[in-house]
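**Student:** Residue numbers (this note's numbering), protein chains in the order written: chain A, 157 to 477; chain B, 157 to 477; chain C, 157 to 477; chain D, 157 to 477; chain E, 157 to 477.
No wet-lab data here; the hints were simulated from the structure.
Since the list gives no way to pick one copy over another, a pair counts as held whenever it fits inside one copy or between any two copies.
In silico lysine-lysine, DSS-like type, Cα no more than 30 angstroms apart, as pairs:
hint: 1; residue 1: LYS224; residue 2: LYS341
hint: 2; residue 1: LYS341; residue 2: LYS244
hint: 3; residue 1: LYS341; residue 2: LYS475
hint: 4; residue 1: LYS349; residue 2: LYS224
hint: 5; residue 1: LYS224; residue 2: LYS286
hint: 6; residue 1: LYS249; residue 2: LYS313
hint: 7; residue 1: LYS313; residue 2: LYS224
hint: 8; residue 1: LYS204; residue 2: LYS289
hint: 9; residue 1: LYS224; residue 2: LYS371
hint: 10; residue 1: LYS313; residue 2: LYS341
hint: 11; residue 1: LYS349; residue 2: LYS313
hint: 12; residue 1: LYS168; residue 2: LYS289
hint: 13; residue 1: LYS474; residue 2: LYS418
hint: 14; residue 1: LYS475; residue 2: LYS418
hint: 15; residue 1: LYS204; residue 2: LYS168
hint: 16; residue 1: LYS204; residue 2: LYS224
hint: 17; residue 1: LYS349; residue 2: LYS249
hint: 18; residue 1: LYS249; residue 2: LYS341
hint: 19; residue 1: LYS286; residue 2: LYS371
hint: 20; residue 1: LYS244; residue 2: LYS349
As the structure is a prediction and not an experimental result, all values here were calculated from the model.
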Amino acid sequence: MIKYDGADFQEKTVANVEEACAFRNKSSVMWLNIDGVHQSEIIEQVGKSFGLHPLVAEDIASTGQRPKMDDLDDYIFVVLRMLRFNEKENETKTEQISIILGSDFVISFQEDEGDVFDHIRERLRNNKGKIRKLGADYLAYTLIDAIVDNYFMILEKLGETIEDIEDILVTNPTSETLQTIHELKREMIFLRKSVWPLREVISRLERSESPLINKSTCIYLRDVYDHTIQVMDAVETFRDMLSGMLDIYLSSVSNRMNEVMKVLTVIATIFIPLTFVAGIYGMNFRYMPELEQAWSYPAVLILMLTVALVMVVYFRRKKWI
Amino acid sequence: MIKYDGADFQEKTVANVEEACAFRNKSSVMWLNIDGVHQSEIIEQVGKSFGLHPLVAEDIASTGQRPKMDDLDDYIFVVLRMLRFNEKENETKTEQISIILGSDFVISFQEDEGDVFDHIRERLRNNKGKIRKLGADYLAYTLIDAIVDNYFMILEKLGETIEDIEDILVTNPTSETLQTIHELKREMIFLRKSVWPLREVISRLERSESPLINKSTCIYLRDVYDHTIQVMDAVETFRDMLSGMLDIYLSSVSNRMNEVMKVLTVIATIFIPLTFVAGIYGMNFRYMPELEQAWSYPAVLILMLTVALVMVVYFRRKKWI
Amino acid sequence: MIKYDGADFQEKTVANVEEACAFRNKSSVMWLNIDGVHQSEIIEQVGKSFGLHPLVAEDIASTGQRPKMDDLDDYIFVVLRMLRFNEKENETKTEQISIILGSDFVISFQEDEGDVFDHIRERLRNNKGKIRKLGADYLAYTLIDAIVDNYFMILEKLGETIEDIEDILVTNPTSETLQTIHELKREMIFLRKSVWPLREVISRLERSESPLINKSTCIYLRDVYDHTIQVMDAVETFRDMLSGMLDIYLSSVSNRMNEVMKVLTVIATIFIPLTFVAGIYGMNFRYMPELEQAWSYPAVLILMLTVALVMVVYFRRKKWI
Amino acid sequence: MIKYDGADFQEKTVANVEEACAFRNKSSVMWLNIDGVHQSEIIEQVGKSFGLHPLVAEDIASTGQRPKMDDLDDYIFVVLRMLRFNEKENETKTEQISIILGSDFVISFQEDEGDVFDHIRERLRNNKGKIRKLGADYLAYTLIDAIVDNYFMILEKLGETIEDIEDILVTNPTSETLQTIHELKREMIFLRKSVWPLREVISRLERSESPLINKSTCIYLRDVYDHTIQVMDAVETFRDMLSGMLDIYLSSVSNRMNEVMKVLTVIATIFIPLTFVAGIYGMNFRYMPELEQAWSYPAVLILMLTVALVMVVYFRRKKWI
Amino acid sequence: MIKYDGADFQEKTVANVEEACAFRNKSSVMWLNIDGVHQSEIIEQVGKSFGLHPLVAEDIASTGQRPKMDDLDDYIFVVLRMLRFNEKENETKTEQISIILGSDFVISFQEDEGDVFDHIRERLRNNKGKIRKLGADYLAYTLIDAIVDNYFMILEKLGETIEDIEDILVTNPTSETLQTIHELKREMIFLRKSVWPLREVISRLERSESPLINKSTCIYLRDVYDHTIQVMDAVETFRDMLSGMLDIYLSSVSNRMNEVMKVLTVIATIFIPLTFVAGIYGMNFRYMPELEQAWSYPAVLILMLTVALVMVVYFRRKKWI
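Generate the whole structure from the sequences, applying the supplied hints.
**Tutor:** Here is the structure:
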């Protein structure tokens with residue numbers, strides 16, 4: 157897919173790179189969005205056409221890169237990670253987005269066809285806002301901004317899940333709750349790994365002295381930077397909350413277990429002395445005077461009841477049951 | 157609401173922004189306090205009248221911002237978070253306060269109508285202290301100071317709650333105590349999130365080379381900075397104390413549980429051998445010579461008593477009961 | 157109280173500040189030591205006489221300040237916290253000491269009448285060492301040094317308490333031991349809070365370019381700085397040791413508990429099968445041939461003894477008892 | 157072993173160092189790869205021939221060095237650690253690789269004969285890529301790159317092991333699982349120790365102003381640097397995952413244990429009251445009217461059944477079984 | 157003890173300091189090694205003879221200093237801590253070594269007579285290496301190097317102890333093992349306290365611009381610095397390993413305890429229902445038809461056996477025993 161913008165606007169879907177390059181030298185900004193980084197020959201073609209360093213092409217092709225920013229004088233190379241929440245598997249997946257910002261072009265590489273940039277395409281088509289008036293650096297900013305905004309959506313979803321689990325924790329925690337907490341904690345580890353370097357990338361973009369980035373764009377980048385820090389804050393807060401929830405879960409489970417054991421042990425403790433008394437009068441000694449009396453059976457029963465009551469009262473007063 | 161101050165003092169409540177702007181160019185300091193940031197058209201109007209950057213207006217409108225400070229040459233934009241303790245729900249809530257400091261005006265945006273600035277209004281009306289003699293930067297300082305002082309009030313309330321819980325911990329810890337500790341820990345996480353960036357904001361204000369901030373105001377800002385660090389110290393100390401209290405709670409609960417189980421098990425352990433002895437003489441063998449003797453029943457009873465006593469003494473000496 | 161020193165030495169106790177100021181302009185060093193910072197009018201008077209900034213006077217009056225150092229050109233304002241060990245309540249209390257260092261005077265403010273500076277007064281009276289020969293900055297150094305040395309005394313006392321508890325931990329740990337450890341941990345949190353900023357204060361004093369501080373005094377300040385770091389090291393080590401002791405306490409308590417439970421359970425486990433055997437021969441079936449034999453009673457007793465012995469031997473070999 | 161490269165290519169295996177030096181002054185790049193650093197006389201010879209500092213020779217000989225980089229003007233001395241996964245013992249071992257980069261030579265020292273550089277030798281022989289066209293610094297880069305790439309292979313293997321254990325954790329955790337987790341945690345400690353300084357080494361290489369390193373090589377070094385950070389990230393993630401897995405293991409084991417104890421205690425608790433009832437009617441009192449009735453035996457049996465059922469239902473409703 | 161070196165070599169044991177000073181002005185390097193810092197008059201004499209600052213003399217005399225380095229223009233004052241492993245008490249002790257480096261002299265103060273410098277004395281006597289050819293700074297380096305090398309010996313011993321304990325952990329952990337781990341952890345805290353500041357001391361020595369330290373000595377200092385970092389690494393690794401071992405110990409102990417309790421509870425659980433059955437047929441009801449049958453006794457015995465077997469099989473299948 158290719159897009160042109162400047163005073164007027166053109167949009168084309170091209171199959172090969174030469175066709176795209178033909179449109180280039182027109183003192184307008186070109187945005188080349190390439191889906192599927194696994195076709196290495198396309199990346200190679202792009203690399204040649206736009207004079208990219210072989211290492212840059214290699215980094216684009218090998219997904220699993222850490223977010224980073226390289227200023228190579230003629231162009232700036234930015235690698236970002238976009239998050240995608242897979243509703244079905246309840247999992248967050250990351251995708252690598254590479255952006256190359258030149259003086260009059262922006263090339264973006266996505267792993268799969270995505271829709272996160274649709275919003276920008278729309279704004280370009282309809283000439284909404286000042287996006288068509290400003291240069292390639294502003295376009296690059298909108299792309300980065302779209303990715304960072306996407307993080308907020310993911311965070312919101314995670315936040316909802318966390319709140320759901322909190323409610324469950326209070327009412328009826330099960331071992332699945334524990335597993336979900338562990339899964340969320342792990343997701344936080346991955347999120348953190350994506351966001352931390354992102355912050356550095358945007359900070360370096362903002363402070364870079366590169367002529368490719370306009371002074372007026374810097375304030376927008378600072379805004380994205382603030383958003384990134386907000387994302388980081390949220391991730392850290394979620395981490396802390398999950399740790400706290402784990403503690404609550406564990407202590408509530410152990411508490412419940414303790415209660416159960418206590419009640420069971422109390423029951424056993426009440427009956428064991430009674431059984432002993434019954435055992436005494438079950439002995440077969442010839443001379444046990446008590447056995448001969450008519451009143452002794454009810455007396456023993458009353459004794460047992462008294463012992464049981466005293467124990468129950470004592471345990472209650474001690475708050476053991 | 158609008159206010160004027162300088163040599164003399166005027167106070168008006170205006171409905172729209174143009175009216176407010178008419179009062180502006182008078183070589184005096186103007187304070188424009190706007191309640192309710194959710195009316196976007198007002199913020200837009202203010203933005204146009206005072207030449208604010210669109211991103212600034214956006215940040216004011218979107219509550220949930222992290223405290224930050226932006227120096228935009230013509231004015232300084234500060235976002236702070238004010239705490240409000242909700243007595244009913246026993247919860248701390250945060251509200252976003254945005255302050256714009258220009259050469260001759262201060263605009264403050266509150267989420268809801270608040271009373272934290274009443275005190276300053278009073279001082280302005282009565283010409284108390286030097287607040288009317290000094291410029292817009294001093295007014296901005298008093299606003300920030302009022303917000304930071306508000307933190308101390310919140311901290312005091314939290315400190316009282318923590319002390320109450322400490323007393324309960326010693327006397328009669330229940331599972332509600334645990335929950336309160338967890339809630340307080342969580343509140344500390346949120347407080348920390350508000351205070352940490354605040355420190356940076358004030359530090360940057362103090363060290364900013366902006367001509368909008370007078371040298372003589374810097375010493376006041378340094379004072380607020382010291383207060384912020386005191387707040388941070390208090391938050392950290394509370395966090396440490398809460399962690400310690402959690403440990404104490406958990407170990408005291410497990411201790412109590414252990415004591416209960418120990419006593420119950422000791423009771424069972426004493427009666428089980430006795431029951432066994434009773435079981436022996438309950439057997440129906442034809443030839444059990446002991447059964448025929450008159451003295452054997454009391455002898456067995458004495459034996460049982462002896463066994464029980466020996467066990468009790470042994471357990472006592474071992475400090476098991 | 158007022159004191160003069162230079163070539164000769166004068167000491168007076170004055171009631172108001174004007175009297176003190178009369179003695180001032182004499183090209184000698186004056187030390188004004190004020191007890192009780194809660195009399196705000198005295199602080200106000202001092203503030204006026206020596207031209208102090210209103211915020212400085214406020215900081216002196218409001219105890220609970222964090223240690224800090226402000227260089228206000230004409231004078232240096234230092235806030236420190238002095239520790240006082242309350243033997244009766246076995247608690248460490250902190251007191252705020254404010255020191256103002258001018259070109260020819262030192263003013264020190266104490267919360268209560270203290271004796272930590274007596275030693276310095278003595279040296280001044282007796283003209284011991286070079287304290288009378290050197291300027292106001294050296295006097296300020298001796299005051300700070302006295303406060304830091306006081307920390308070592310506190311640490312020594314805490315160290316002794318910790319060693320005592322260590323001995324108790326090995327011999328006979330009780331739940332009071334646990335509480336003492338928790339109290340000490342908490343005391344460490346407070347100590348740390350006092351010492352950490354102290355280090356920064358002294359470091360800034362040493363490196364300050366202020367003309368009020370002589371080059372030759374710097375080496376003395378560096379010495380105090382080294383002492384502060386030693387104090388911090390000791391506090392950190394005590395913290396680590398207390399954490400270790402807490403772990404030891406908890407694991408030893410749980411160990412002891414486990415031992416008790418194990419022994420009790422073993423006793424129960426040995427007697428339950430025996431009781432079962434007794435129960436069998438307590439059944440009232442008409443045709444139980446064993447019951448008729450003369451040898452069966454002793455045989456069953458021997459069987460029981462054998463079962464018990466086998467179990468004891470087995471448990472011993474497995475190291476369960 | 158010795159190798160030459162430039163326009164043409166020579167490869168020799170030499171036994172002593174003089175022979176190697178004879179080939180040196182030819183304005184081409186020489187790579188001297190020495191296996192076995194334990195023959196101190198060879199290192200001494202190399203040291204003399206290439207004018208190495210005695211300390212450098214010492215560092216090469218004493219394996220167990222931390223990765224480091226020293227710029228000694230005439231040459232750059234780099235120590236790295238290479239990982240080797242021992243399939244048999246399921247253990248990761250480290251080997252010290254020392255690299256000396258001069259203006260026209262690279263000397264690499266390996267502890268044992270290794271095959272990690274075979275790939276580079278192949279590229280040199282076949283004149284693949286630009287390796288023969290670029291200087292000694294590029295050769296050094298390829299060596300470092302080969303070592304860092306080797307880390308990824310190790311990490312992949314460890315990652316697979318971790319995933320295997322995760323599956324086992326879910327299905328059937330045993331105490332061997334615990335031991336494997338502990339072993340992996342320990343391996344992570346060692347890996348971390350190797351990788352952390354590596355990052356610093358490469359960063360210093362990249363930013364060194366040494367004339368020995370070409371500007372064009374810097375971008376390659378930055379690439380290796382990015383890889384190192386990726387390795388570090390992976391190690392940290394693995395550490396976090398292992399900690400999480402340890403927590404899951406421990407809580408699942410304690411959970412299972414609790415379940416077992418609960419079921420067993422429930423069984424005992426149900427039978428103890430029943431045994432008590434049987435004990436009552438086993439007493440030998442002369443006047444126990446119930447014993448004489450025909451219906452009392454089945455009645456007691458039904459009573460017992462009812463008690464047992466009520467308890468089972470109660471325990472079930474309380475979710476104890 | 158006094159020593160001279162330069163072109164030729166003299167060694168004397170002197171009793172007082174004047175005698176030592178007489179040897180001084182000879183354009184050669186003098187090494188004055190003083191044992192026993194507790195004789196304050198000697199330190200005073202040395203202080204006067206060599207023009208040391210009173211604070212330096214004080215620091216030398218008061219053992220318990222933190223490692224530090226002070227550059228006092230005319231001389232450099234270094235305080236280090238030497239470790240000494242006490243085989244008898246199995247404890248590591250530290251001793252304070254103070255080194256004063258002047259332009260043509262080195263003075264070293266030891267707490268006790270030690271032998272760690274014997275090796276250096278030997279090298280001086282025999283004129284081995286370049287030690288006699290280089291200046292006082294190289295001598296100071298060899299002293300520091302000897303101390304740091306001594307750390308490796310201590311670490312090796314500790315490492316051996318740790319490995320021994322690891323073997324014990326696998327085979328037969330007792331509570332002494334736990335205590336040894338705690339003691340080692342504590343030793344690590346002390347070691348760390350000695351090593352961390354050491355690193356800073358050497359780093360400052362290396363980077364100091366002092367004319368007392370030759371450029372050529374710097375590379376040697378950097379070597380000691382690398383060693384110090386290796387020591388620190390080892391200490392950190394040992395700490396991590398000990399923490400891991402503590403976890404393993406605790407989980408293995410709790411595992412073993414759990415196993416014991418489980419087996420005991422299983423035994424009780426099997427016999428309690430059997431005892432109940434026996435109790436039923438021990439009841440004295442007149443009309444219990446089963447009691448009259450000849451086959452009912454063996455039938456009940458078989459029933460009991462069946463119940464026991466079913467329970468054992470069930471528990472086995474559930475892996476509870």
